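J.: Each chain, letter by letter, is given below.
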Amino acid sequence: MDADVRRLYEEHGRALLGYACALLRDPSAAEDVLHQVFLKVLRGRVVIDGEPRPYLFRAVRNAALNHIRGQAREVALGDAAMWLESPDGSKETSLALQSALRTLPDEQREVVVLRIWGELTFEEAATVIGISPNTAASRYRYGIAKLKEVWRG
Amino acid sequence: MDEFESRLREFRPRRPSAIPDTRLQLLRGPIWLATAAGIAAVMLIATWLRAPPPPPAVINVGAALTELALEHPEKFDAALTEISRTALPDVTARGGALEPLAKGF
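Those sequence lines, one after another, are chains A and B.
Here the first sequence is numbered in the numbering used here, starting from 213 and rising by one per residue.
Here the second sequence is numbered in the numbering used here, starting from 603 and rising by one per residue.
Pulled out of the complex, with its shape left as it was, chain B reads as follows (with noise of 0.2 Å):
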């Protein structure tokens, strides 16, 4: 070998940095789609949240007083004053069917 080749052999190439962590990159594809289904999830819920609540089932009211008059009318009363505690149309409601009556106290 020659003075020339010694010379250049004098330099030394840098050290390269550290391996990567096999096992972080292993992780790296199942981290990454826990990180996508995770945010999918906190959108979804998002969503959800942000989503008008459904309306209240509708109970036809009338046809079930019918009912209960025909098959137990001793239990009709007492339901009347339980369902009225809630069920009545509201006679101040402006624009109602009952508007007029409330005028009329």
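Chain A extracted, bound-state conformation (with noise of 0.2 Å):
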């Protein structure tokens, strides 16, 4: 059990934290998220019934959302909160990336991050986050054509 959970861990922890951050901004935060979700399931807490990716992005977006209910105040941020890691290995290039994620609208951004570092397919986005694939796919569209003005990578 314990090793499964942690195989999950190594093979999806970059793309769920990758989502927790675009949905908390805050890396600390997000990392704090993360665990707690993964602490829940080696617990015993819960049981991941069927395909475990979204079941994780699902659970991880809960919590994420339950963090900011939990939230008096917007966590102010600094540019050091770096969470992409670029191929070249420059930070500027990877803030400036997430700077421009940060324009995108927060359901654009969402899908964005679920189909570019989750890897999930429209249906799987749109289970996690609630809404139909053809909407998911839609919010895809508009945030990757915004992305493009935004950020020329």
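If you are wondering where the hints come from, they were derived from the structure by calculation, not from laboratory data.
Given the structure is predicted, the values throughout are model-derived calculations rather than measurements.
Just so you know, not all the hints are guaranteed correct.
Examples of chain A residues lying across from chain B (beta carbon under 10 Å, computed) [unchecked claim]:
| id | residue |
| --- | --- |
| 1 | A227 |
| 2 | S298 |
| 3 | T305 |
| 4 | L309 |
| 5 | P317 |
| 6 | D318 |
| 7 | W329 |
Just so it is clear, CB atoms sit at the ideal spot from N, CA and C, and this is done for glycine as well.
Dock chain one against chain two, each of which comes alone in its own frame, and use the hints as you go.
T.: In structure tokens:
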């Protein structure tokens, strides 16, 4: 059981952290949320039925939204809050992309992150968020179009 | 997937740190409870040690000697000798009732 959960963490930890960061914008809080989800699974408090990946993204989403509700105020973010690694190791490039992602509306950013870094299908992303696959696809298209305008990688 | 999406995928979210040890997480509550209980115990002991010692029990020597003289007169002298080592008033104490007596010596 422990080994299976840790394997899931190894396989999907990065993508889940990226998703949590997209929702919370605070890598430290995002990591706490991710740990919270996996600790629950490790303690056997939740049982994953079926495909674990969409379940984990949904669990991270719920935990992140609970975290946001519990926050009295918006956390001030510094540019140092880096959660993406660029292929060439450039901090500036990573921060520029993160900054561009932040300009997207929350609902578009969420689908873009689920699709690009979570590698979920539109159906899976839609299940995670609780919307229709068509809406997910539409949000994604708008998000990507805006990202193209804002970020020139 | 177009080129732009491929370019985005070249970026990777950073690796999260390891999941905290579940055993430590489970122990976190009891550890804090034990620590709090330990601190409380230490404070209690420290308070107890700092408190003044209780006053020695007052023995009514006069009443005991009277009772002994009436019931076991043969033991009275020995008891008086024994008690006199510790229980007799200090004639040299300042302001004591026996101070005038001490001055005579």
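J.: Return the status of the interface hint for W329(A): holds when the least beta-carbon distance to chain B is below 10 Å, violated otherwise.
T.: Holds - the Cβ of W329(A) comes within 10 Å of chain B, reaching about 6 Å at its closest.
J.: Let's test the interface hint: is any C-beta of chain B closer than 10 Å to that of L309(A)?
T.: Nearest chain B Cβ about 6 Å off; hint holds.
J.: Can T305(A) be said to touch chain B, with a Cβ gap under 10 Å?
T.: Holds - the Cβ of T305(A) comes within 10 Å of chain B, reaching about 8 Å at its closest.
J.: Should the hint that P317(A) touches chain B count as held when the rule is a Cβ pair under 10 Å?
T.: 17 Å, violated
J.: Hint validation: A227(A) versus chain B, beta carbon distance must be below 10 Å. Holds or violated?
T.: For A227(A), the interface hint holds, since the closest Cβ of chain B sits about 6 Å away, which is under 10 Å.
J.: Could you check if S298(A) really has its C-beta closer than 10 Å to a C-beta on chain B?
T.: 6 Å, holds
J.: Taking 10 Å as the limit, does the beta-carbon of D318(A) come near enough to a beta-carbon in chain B?
T.: Where the cut-off is 10 Å and the nearest Cβ of chain B is about 18 Å from D318(A), the hint is violated.
Going through the hint list in order, the structure does not satisfy hints 5 and 6.
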